[in-house]
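Chains A, B, C and D are the protein sequences, given in the same order. Taking this note's numbering, the leading residue of the first sequence gets 203, the next gets one more, and so forth. Taking this note's numbering, the leading residue of the second sequence gets 203, the next gets one more, and so forth. Taking this note's numbering, the leading residue of the third sequence gets 203, the next gets one more, and so forth. Taking this note's numbering, the leading residue of the fourth sequence gets 203, the next gets one more, and so forth.
Just so you know, the hints here were simulated from the structure itself, not pulled from any lab data. Just so you know, these numbers come straight off a predicted model, no measurement behind them. Wrong hints could be hidden among the right ones.
Claimed, not checked - Listed below are the simulated EDC-like cross-link pairs for lysine to aspartate or glutamate, each with C-alpha atoms no more than 16 Å apart in a straight line: (1) C:Lys230 <-> D:Asp213; (2) D:Lys253 <-> D:Glu330; (3) D:Lys288 <-> C:Glu301; (4) B:Lys467 <-> D:Glu420; (5) C:Lys288 <-> D:Glu420; (6) D:Lys467 <-> B:Asp272; (7) D:Lys230 <-> C:Asp213; (8) D:Lys407 <-> D:Glu420; (9) B:Lys288 <-> C:Asp298.
Claimed, not checked - Covered stretches of chain A, as calculated for chain B (at least 3 residues, CB under 8 Å): (10) 220–228; (11) 245–256.
All C-beta atoms in this analysis are idealised placements derived from N, C-alpha and C, irrespective of residue type, glycine included.
4 protein chains.
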Amino acid sequence: MANKNWDQYHDYEGLDKLLTAQNLRSDKAGNPVHDEMLFIIFHQVYELWFKQILFELDDIQERFSSNVVDDRDMQPVLGYLNRIAKILHNLVSMMDILETMPPQAFVDFRQYLGTASGFQSWQFRLVEMRLGLRREDRVSVFHGEFDDELRAESKKTIKDAEKYPSLFDQIDGWLSRTPFIDNQDYKFWEEYRNAIHNILDERIKETQSLSGDALEKELKTIEKTRQKFSGIFDKEKHAEAQENGTWRMSLKALQAALFITVYSKEPILQGPNQLLKLITDIDSLLARWRYRHALMVQRMVGMGAGSGGSSGYDYLMRTVENHRIFSDLFALSNFLIPTQALPALPDEISQKMSYNYSSEEKAA
Amino acid sequence: MANKNWDQYHDYEGLDKLLTAQNLRSDKAGNPVHDEMLFIIFHQVYELWFKQILFELDDIQERFSSNVVDDRDMQPVLGYLNRIAKILHNLVSMMDILETMPPQAFVDFRQYLGTASGFQSWQFRLVEMRLGLRREDRVSVFHGEFDDELRAESKKTIKDAEKYPSLFDQIDGWLSRTPFIDNQDYKFWEEYRNAIHNILDERIKETQSLSGDALEKELKTIEKTRQKFSGIFDKEKHAEAQENGTWRMSLKALQAALFITVYSKEPILQGPNQLLKLITDIDSLLARWRYRHALMVQRMVGMGAGSGGSSGYDYLMRTVENHRIFSDLFALSNFLIPTQALPALPDEISQKMSYNYSSEEKAA
Amino acid sequence: MANKNWDQYHDYEGLDKLLTAQNLRSDKAGNPVHDEMLFIIFHQVYELWFKQILFELDDIQERFSSNVVDDRDMQPVLGYLNRIAKILHNLVSMMDILETMPPQAFVDFRQYLGTASGFQSWQFRLVEMRLGLRREDRVSVFHGEFDDELRAESKKTIKDAEKYPSLFDQIDGWLSRTPFIDNQDYKFWEEYRNAIHNILDERIKETQSLSGDALEKELKTIEKTRQKFSGIFDKEKHAEAQENGTWRMSLKALQAALFITVYSKEPILQGPNQLLKLITDIDSLLARWRYRHALMVQRMVGMGAGSGGSSGYDYLMRTVENHRIFSDLFALSNFLIPTQALPALPDEISQKMSYNYSSEEKAA
Amino acid sequence: MANKNWDQYHDYEGLDKLLTAQNLRSDKAGNPVHDEMLFIIFHQVYELWFKQILFELDDIQERFSSNVVDDRDMQPVLGYLNRIAKILHNLVSMMDILETMPPQAFVDFRQYLGTASGFQSWQFRLVEMRLGLRREDRVSVFHGEFDDELRAESKKTIKDAEKYPSLFDQIDGWLSRTPFIDNQDYKFWEEYRNAIHNILDERIKETQSLSGDALEKELKTIEKTRQKFSGIFDKEKHAEAQENGTWRMSLKALQAALFITVYSKEPILQGPNQLLKLITDIDSLLARWRYRHALMVQRMVGMGAGSGGSSGYDYLMRTVENHRIFSDLFALSNFLIPTQALPALPDEISQKMSYNYSSEEKAA
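Next up, chain A with everything else stripped away, as it sits in the complex (with noise of 0.2 Å):
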C-alpha cells in the first residue's frame, strides 16, 4: 500500500529516463576516462535548469504580452524573475564543482568528443534570444552564424521563437505606456531638467571664488555635464545614439525607468522599481557566468597565454561584455541627482500612485 507512494517517485521524477541518460564515450572507445561522467551530468544540470529559466519566461512574458499589465500580475513577474536570478546564482558557483576536475582528466577524453561544450546549447541560446539578445548584435562563433551549426529542430526552435517581442521588447514596450509622466500640468521630464539647470547654475556661481586654470576646467565640467544630461533630454540626440548602438532603449522606455527609479517609494511604483532591480542582477548574473565559463575555459584548455589562434575561450570572452542585453538600466544611474535636488511630486499625481484605501483613510 505505502509502497504506492514511493513508486510514485520514482516514477514522478522519471528516474528511469534520467538516471540512464549518461553514456560516457570514453567507455564506448574502451577508455574509460573517470571523470567524463562529471562533465556529462554538470551539463545535464545545466540543461534542466535553462529548461526551468524558459518554462518561467513563458510565463512572465504571457503576462506582459498584453497591453496593460494586471496589477495583481506584479507579484508572480517578480517571484519568477527572483527565481531566474536564484537559478543563475547558482550556475556560477556550480562552476566549483566542474573546477574539481583536472585539465589532464578533460585531455583524456577529450579526444572522444566532438566540440560538444555546455556553452553551445540550444536551450540557452534560446534563453539569450528570448531575454532580448538579438541575432544581430552577437559576436561570430568562429565563421559563421551562431545557429550554423546547430540542428535543424533547433534551429528552427529559436527562429520560431524570434518571431515574438523579446523580454527586451516588452518592458521597453510596458516602461513606454507609464502613465503620470506627460500630463496636462506636470511634465516631469520638464521638471527634471529644471532640477539639474539648478544644480549646475549653482554650480556656476560656486565659480566666482576659482580663477585660472581652475576656473577653466570647472566651467569646462560642468559644460560636458550638461552636455550629457542633453543625451537623454533631447529626442534628435538620443535617436543619433540609438542609431549608433550607444542607447538601445527608446527615449520615452529610459525616461520612465528615470522616474520610476527616483521616486521608487511611490506604492505603485514599488514593484516596477524591483522589476528593474532584477532585470539588472539577471543582466549582471549572466555575464558573471560568461566571465568565470570563459575562466573555467582557459584553465581546461589552456587559451591565452602562450597560445596561438582564435579559440572558445576568446569566443567566450568577447561574449562577456557583448552579449550583455540591459546595459541601458545600468547606464541610468549616471543621471540621477541628490534627492535634496529631486523636483517634488505634485499632490494630485502622487494621490493616484497611492492606495484607495490610503487616500479614503486620510479623507475620512
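Fit chains B, C and D to the known structure of chain A by using the hints.
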C-alpha cells in the same frame, strides 16, 4: 558537416530523454500549477548529483578495498572526496532556489502528489549507507523501517550494497593499519600519555599557590581531565564506550587518527590528514543539508509551533544529528595538546615518513 | 593635490584605528601562534556586521514605532530587511574561512584566551533581543543568566533596549491593525472557516465509497484536521496555546498574516507579504548560522561523542531551535488551503486594496 | 570574577577602536544618508581581510625565501594559500551586500566623499604587488602612475616591498629548482618531445586516407600543433615570447610546472601540484572579484552605455584581464597530452619521489 558536432552535443547529453522527463501531475489533473515544474526539476537535479556522488564513491571505495592503499591513489581519492564536498555545498545552497516557491503554490499541487519528497530518494539512502550509516542507527520513518516503502528493486540495491564494507568501515580499517605508531622502541601511545601526565603534573604543582575552594575545584578539574584522556588510552574503557555508543571507531583507528593529526606535517601524513579533514567536511555538509532541508519543509508545510502530531518535519529534524556518521573524528579535537607539549618524533620514525629523495640529499 | 583624496580614503575608513586593533595574546606571551590573527580578525568582521545589522534595525524599528506605517516606508523597510538577510547569509558562509584553521592551531593559542568566543558578543545579544528573543526564553549559559558575564556597560545597553518593543512586538502590533479583515459585511474569518468546512464536508461525502478500517481511519483524519483548524479560529484555544507556548503571536496578528499570505497578489498586500517572507528568511538564516556555529565549535574543541560534561557546544546546539523567534510564521503554512477553495474577496474590499490610478482607469 | 572573561572578549577584539571607527560624512554635513554606514563598514571589512591576506603572504613568502623549501612546510603553505582563496571567495560574494544599496542612495552621499573607493586601498595595491603584479604591467589610473595619489607612508610601504621578490618570483625560482627533470640518463624534456612527435607522426600516417582539401587542411593543423609545442621546447622561441610578453615565466619553471602536472600522482609531487592549483584558483578569484567590482561600479555610477569619457568603471574593466599574474599556469593546459601517450617514468626516478617507508616495505 559542422552540424554533426552540434547534433553530438544534443545526443551526447541525452537531451531527448532529459528534457521530456518532466510530467506535471497538476497538468494531467487539468489544473496546471506553475510551480510544480520547479518542484520536479529541483529534485531531478538532486538525483543527478546523487548519481555523481555514488559514482565517486565507487571509485574511492574500490581504492580502499585492498589492504594496502597505493600512495599514488591518495591524489584521486582526495580529489573525489573534495568533489563530493563541493557537490554537497551546492545542494545546500540550491535550497535558495526552492525557497522562491511560496507555500501557497505548494499547497496547490501537493494534492496531486503522493508523499513524494526529496528525502524519499533511494539514491540518497544509498549514499548514506555507503558512507556508513547503519540500518540500526537510522531514525525510524513513522512506524516502519526506512526501506519498507521503497520499491523492490531499490530495496534490493540497498540490501546488496550493505553486504560490502562502508566507507566508514574502510577508513576504520585503513587507519588501524597505520604503521609508525607501535614499534619496538617507540610507542606513540606511551609517549603521548606521558606528555599528558606531564601537563597535568605541571598543573598540580601550580595548585600550590591555591587553597580552599579554589584548590579543591582545580584538583577536581585536573582529575576530570585525567579521566577524559583515559578514555582513549584504556582498552576497556574504550570497549565500554563503544558498547554504549559513545565511540563508534575502533581504538586503533582513533589513536592513528590522532597520530596523523598531531604529526600532520610529516610528508607521508600530509595526504591522510587532508583526507580526515575532507571526511569531517562531508559529514558536516550532510548535517547542514539535513538541517536546511528540515527548515525548508517547515516553511512549506508549517510543522512545528501551532501544529500537532508527528510529521516529515519532525522526522527530518531528528535525523540532523542522529544520522551523523563520522562524529568520532570531531570528538578527537578534545584530546589535542599544545604543540610545545607534543613528544618529539624519533629521527628514525621521522626519517621513514620522508621522501626518498630528501633523505638521499641530506645524506649527500 | 590629488593626494588629498587618497588621504581621505585612509582617514575616511578609519584605517589607523582599524588596522591597529589586532593584538595577539600568543605574541605577547612570547609564543606567537600564526592562526590567532585569523581568529581575531574573523570576529572583528562579525562585530562590524553586527553593528550594521543594529543600524538597520534602528531605522526599521523607528518606522514601525508609529501607529500607522507610511505606505512609502514599505520600500526602505523591505530594502533594509533584505540587507540584514544578505549580511546573515554572508556570516553563514564566512565560516568557510575559519574552518581553514586546524583544531591543533586553536589548541595552541587557546591557552592565552579567556573564554572569549563569537557567541559572547554583546552586540549579538542585542541583535537577538531587538529582533524579539525574550530574556526568559533564552537557554541558560552554564548556570547563570545570559548577561551575568557581560561587563556593566553592555549589560546596561541591553537592559535599556529591553524597555522598548522588539521587532516581534512591533510586527505583532502592525499585523493586528491590518484593515480589510473584519468589516460590517465581510468577515474574512468566517469566510475562511466556511471554506474549510466545505473542504472537509466534501471529504466526508467521499468517504461513502469506503468502509471498515479505511472508513474509520479517514474519518479520524478529517476530525483531526477540523481540530487543527479550530486552533486559529477559536479565541480560547488560541489563548491556551499561547499560555503553553505553542503560539507566541496574538490571534489577530496570526489571522492577519494568513490573510496577507492568501491574498498576497492584491496590490496593498504585496509589500506586507514580502515583509513576512523576509522575516522568515532572517529567522531561518539565524538558525542556520547557529547550527553552523555549533558544528564549527564541535570541530575545534571536539565536544560531542567521546567527551563528557556540558560545554559551549552543547549550549550552542540547544540555542539552535530554542532561540528561534518567528516560528509562528512558519507554522502558518499548516493552515493554507488550495487556491480554488479560497473564498473570493468581495469587490468592495478588493477595490480598497488597489491603486487609485487603476480604479480611476477602470471607471473611465 | 567570571566577568573578567567577558571584558576580555570586548578588549581582546579591540571593540572600543573598532566600533568607533565609523564616521559618516553625510552626518557631519548635517544631511545624514542612511546607506553611508554600509559603504563605510563594507570597505572596513575589506581592509580587515586584506590585512589577513598580507599576514598569510608574510608567512608563505618567508618559507619560500630559502633556497630549499622544507618538505614539512608544504602543509602550512597549502593551508594558508587555501585560506587566501576562501577569503577572496568571500570578498566576491560580499558584493551581494553592497548591491542592496540603491544607486540613488549612493548619489545622496557621494557628494560628501572625495574619490574614495575600495580599489584605492593601499593594502590592496600591496596584495597585488606581493603576489607579483609589476609596476610596469599596471593599467594606468587616469593619467598618472598608480601610486601618485597615495599618501607618503603608503607609497613608501609599497616601494619597500618591491625590493623583495614577489610570490611570482619565488614560485618561478622554486619551480626552476625542481629536481628529477634533467638527469644524466633521463631528460624529461626529450621524452616529452618524443611523445609529442609520436602523436603527430601517428596523425600524419592517418592522413593517408585523406586527399585534396581535407588532406591539406589536416597537414596544416598538424604543422601548427608542432609549431605550438616548439614554443616550450625551444629556448630561443621562449626567450622571444618572454620578450614580447606572451610568456612571463622562465623556461625552466614552465617545464617543471608541466612535469609536476603530468606526474602529479607521484608522492613528492602531490603537494606541489596542489600548490599550482591553488595559485590558479587565487588568480581566477582575483579576476572574478575585479570583474564583479566593475559591474557593481557600473550599476552605482552608470558608466558604460549612454555616458562619455573615461571613468573608474573603464579603468576597472581594463584591469580585469590585464592585472592577471599567473596566466602562464593556465596556458600550460595547452601543452598536455593524453595519459596513454605520456612517457613512463624510469623506476629510479619514480623511486626517488616515493616515501622512504614504502620503498623499504616493497623491498621487504
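Against the structure, the hints come out as follows:
{"no.": "1", "hint": "C:Lys230 <-> D:Asp213", "verdict": "holds, 15 Å"}
{"no.": "2", "hint": "D:Lys253 <-> D:Glu330", "verdict": "holds, 13 Å"}
{"no.": "3", "hint": "D:Lys288 <-> C:Glu301", "verdict": "holds, 10 Å"}
{"no.": "4", "hint": "B:Lys467 <-> D:Glu420", "verdict": "violated, 51 Å"}
{"no.": "5", "hint": "C:Lys288 <-> D:Glu420", "verdict": "violated, 54 Å"}
{"no.": "6", "hint": "D:Lys467 <-> B:Asp272", "verdict": "holds, 10 Å"}
{"no.": "7", "hint": "D:Lys230 <-> C:Asp213", "verdict": "holds, 15 Å"}
{"no.": "8", "hint": "D:Lys407 <-> D:Glu420", "verdict": "holds, 11 Å"}
{"no.": "9", "hint": "B:Lys288 <-> C:Asp298", "verdict": "holds, 12 Å"}
{"no.": "10", "hint": "220–228", "verdict": "holds (count 7)"}
{"no.": "11", "hint": "245–256", "verdict": "holds (count 8)"}
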